[in-house]
Amino acid sequence: MKRVAVYRKEHFNAAHRLFRQQWSDEANAATFGKCSLPHYHGHNYEIEIKVVGEPDKETGFVMDMKKLSDLVQEKVISKFDHKNLNLDTEEFKTLNPTAENIAIIIFELLRPHIDPSLDLFIRLYETPRNFVDYPA
Amino acid sequence: MKRVAVYRKEHFNAAHRLFRQQWSDEANAATFGKCSLPHYHGHNYEIEIKVVGEPDKETGFVMDMKKLSDLVQEKVISKFDHKNLNLDTEEFKTLNPTAENIAIIIFELLRPHIDPSLDLFIRLYETPRNFVDYPA
Amino acid sequence: MKRVAVYRKEHFNAAHRLFRQQWSDEANAATFGKCSLPHYHGHNYEIEIKVVGEPDKETGFVMDMKKLSDLVQEKVISKFDHKNLNLDTEEFKTLNPTAENIAIIIFELLRPHIDPSLDLFIRLYETPRNFVDYPA
Chain A
73 MKRVAVYRKE
83 HFNAAHRLFR
93 QQWSDEANAA
103 TFGKCSLPHY
113 HGHNYEIEIK
123 VVGEPDKETG
133 FVMDMKKLSD
143 LVQEKVISKF
153 DHKNLNLDTE
163 EFKTLNPTAE
173 NIAIIIFELL
183 RPHIDPSLDL
193 FIRLYETPRN
203 FVDYPA
Chain B
73 MKRVAVYRKE
83 HFNAAHRLFR
93 QQWSDEANAA
103 TFGKCSLPHY
113 HGHNYEIEIK
123 VVGEPDKETG
133 FVMDMKKLSD
143 LVQEKVISKF
153 DHKNLNLDTE
163 EFKTLNPTAE
173 NIAIIIFELL
183 RPHIDPSLDL
193 FIRLYETPRN
203 FVDYPA
Chain C
73 MKRVAVYRKE
83 HFNAAHRLFR
93 QQWSDEANAA
103 TFGKCSLPHY
113 HGHNYEIEIK
123 VVGEPDKETG
133 FVMDMKKLSD
143 LVQEKVISKF
153 DHKNLNLDTE
163 EFKTLNPTAE
173 NIAIIIFELL
183 RPHIDPSLDL
193 FIRLYETPRN
203 FVDYPA
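Each protein sequence line maps, in turn, to chains A, B and C. Numbering (this note's numbering) for the first sequence: 73 to 208. Numbering (this note's numbering) for the second sequence: 73 to 208. Numbering (this note's numbering) for the third sequence: 73 to 208.
If we strip away everything but chain A, and leave its shape as in the complex, we get (with noise of 0.2 Å):
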């Protein structure tokens, strides 16, 4: 059995701000330093969407790339680009949008509009030097 991994990469750019709302300003300065700053910063946002799978017989694709392309604008850049992660989104109303929680609300947003033959792997850049895989 022939796995192959198949890696796409997309972008979007976001406002964010960390912040937990049970914590008070001092505390959430405490643990996020600038990242805490209360009117938001910014990032370019790199997706890196690996699928992992036998190449099919007669295309040699594990998965049309054109395909997981226009999924991931779909359900994730649509919902994401330009926006101000904290204001703006349901997924972070609550929940504080460090790099490891998009990362998984990415993979969550994903994994039910792909072939449960494929396993699927989310890298989120949140600058070139701080970047998350989910899972492990």
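Wrong hints could be hidden among the right ones.
Remember, identical chains collapse to one label, so a pair may be satisfied in a single copy or spanning two.
Unchecked claim - With a straight-line Cα cutoff of 30 Å, these simulated DSS-like cross-link-like pairs (lysine-lysine) come out:
| id | residue 1 | residue 2 |
| --- | --- | --- |
| 1 | Lys106 | Lys129 |
| 2 | Lys129 | Lys155 |
| 3 | Lys151 | Lys81 |
| 4 | Lys106 | Lys155 |
| 5 | Lys155 | Lys74 |
| 6 | Lys139 | Lys106 |
| 7 | Lys165 | Lys147 |
| 8 | Lys165 | Lys155 |
| 9 | Lys165 | Lys151 |
| 10 | Lys122 | Lys74 |
| 11 | Lys106 | Lys165 |
| 12 | Lys139 | Lys129 |
| 13 | Lys74 | Lys129 |
| 14 | Lys106 | Lys74 |
| 15 | Lys138 | Lys106 |
| 16 | Lys129 | Lys165 |
| 17 | Lys74 | Lys151 |
Just so you know, the hints here were simulated from the structure itself, not pulled from any lab data.
Please arrange chains B and C on chain A, whose structure you already have, making use of the hints.
Chains B and C in isolation, oriented as in the chain A frame:
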């Protein structure tokens, strides 16, 4: 046992089109879209060769990167660089040159020439935003 | 259990040469080539520190990246940055400073200072085309 992975990047440029000979032109166009246009298109392919093993006690090397680079030049780059994969190579005369299939072929070209105690993995970038790993 | 990997990139510049003291100059030249030239050469080393664990329920962090970055500065960068690895560091007085060995040393410098519940992995780029992972 201290297993280390060492990586070496190499590159080649080649033309290809995605095309299944057993299908009609219409079927190819419907499945592969612009990637099937009849006059071919090209990519700057980047290959990342990963070799895993224990560093040699004396040299501190898992494998001499110069020897690995020379091997990749001889077995892979000299075959595919500046070629039309569909027309000019034995490997893709009938096999559709998807990134998945090219990565599998590169693995098979290199595997016999690398010490059996070492594991081998291939990553192939078709573009900076589309890439594959084999084995996954 | 939702395990997430978080990555932080840091960098340092250093001189080194590949050289095994128990060998003659000729044997070193034959094995290490230009990497063994007597007057040293340098690299812009990039370190990618990967830490794997469950995000904290309150903060949404696997580990505070600011704390990780500070730790890497203190334990690794301050030791190696702008140094001659062969001449100026205890670690490589007798150990050959291959990328493999540098990655293992960085792992050993950091591991005692990271929560035992978290897994640690090091990637070291010697150049953009030559890099290693430890553990593999």
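Status of the hints after comparison with the structure:
{"no.": "1", "hint": "Lys106 x Lys129", "in the structure": "between (51 Å within a copy, 21 Å between copies)"}
{"no.": "2", "hint": "Lys129 x Lys155", "in the structure": "between (41 Å within a copy, 25 Å between copies)"}
{"no.": "3", "hint": "Lys151 x Lys81", "in the structure": "both (17 Å within a copy, 29 Å between copies)"}
{"no.": "4", "hint": "Lys106 x Lys155", "in the structure": "within (20 Å within a copy, 32 Å between copies)"}
{"no.": "5", "hint": "Lys155 x Lys74", "in the structure": "between (40 Å within a copy, 26 Å between copies)"}
{"no.": "6", "hint": "Lys139 x Lys106", "in the structure": "between (38 Å within a copy, 14 Å between copies)"}
{"no.": "7", "hint": "Lys165 x Lys147", "in the structure": "within (18 Å within a copy, 38 Å between copies)"}
{"no.": "8", "hint": "Lys165 x Lys155", "in the structure": "within (13 Å within a copy, 48 Å between copies)"}
{"no.": "9", "hint": "Lys165 x Lys151", "in the structure": "within (14 Å within a copy, 43 Å between copies)"}
{"no.": "10", "hint": "Lys122 x Lys74", "in the structure": "both (16 Å within a copy, 17 Å between copies)"}
{"no.": "11", "hint": "Lys106 x Lys165", "in the structure": "within (20 Å within a copy, 41 Å between copies)"}
{"no.": "12", "hint": "Lys139 x Lys129", "in the structure": "within (18 Å within a copy, 34 Å between copies)"}
{"no.": "13", "hint": "Lys74 x Lys129", "in the structure": "within (11 Å within a copy, 34 Å between copies)"}
{"no.": "14", "hint": "Lys106 x Lys74", "in the structure": "between (46 Å within a copy, 27 Å between copies)"}
{"no.": "15", "hint": "Lys138 x Lys106", "in the structure": "between (38 Å within a copy, 11 Å between copies)"}
{"no.": "16", "hint": "Lys129 x Lys165", "in the structure": "between (44 Å within a copy, 16 Å between copies)"}
{"no.": "17", "hint": "Lys74 x Lys151", "in the structure": "between (35 Å within a copy, 23 Å between copies)"}
Violated hints for the displayed structure: none, as all numbered hints are satisfied.
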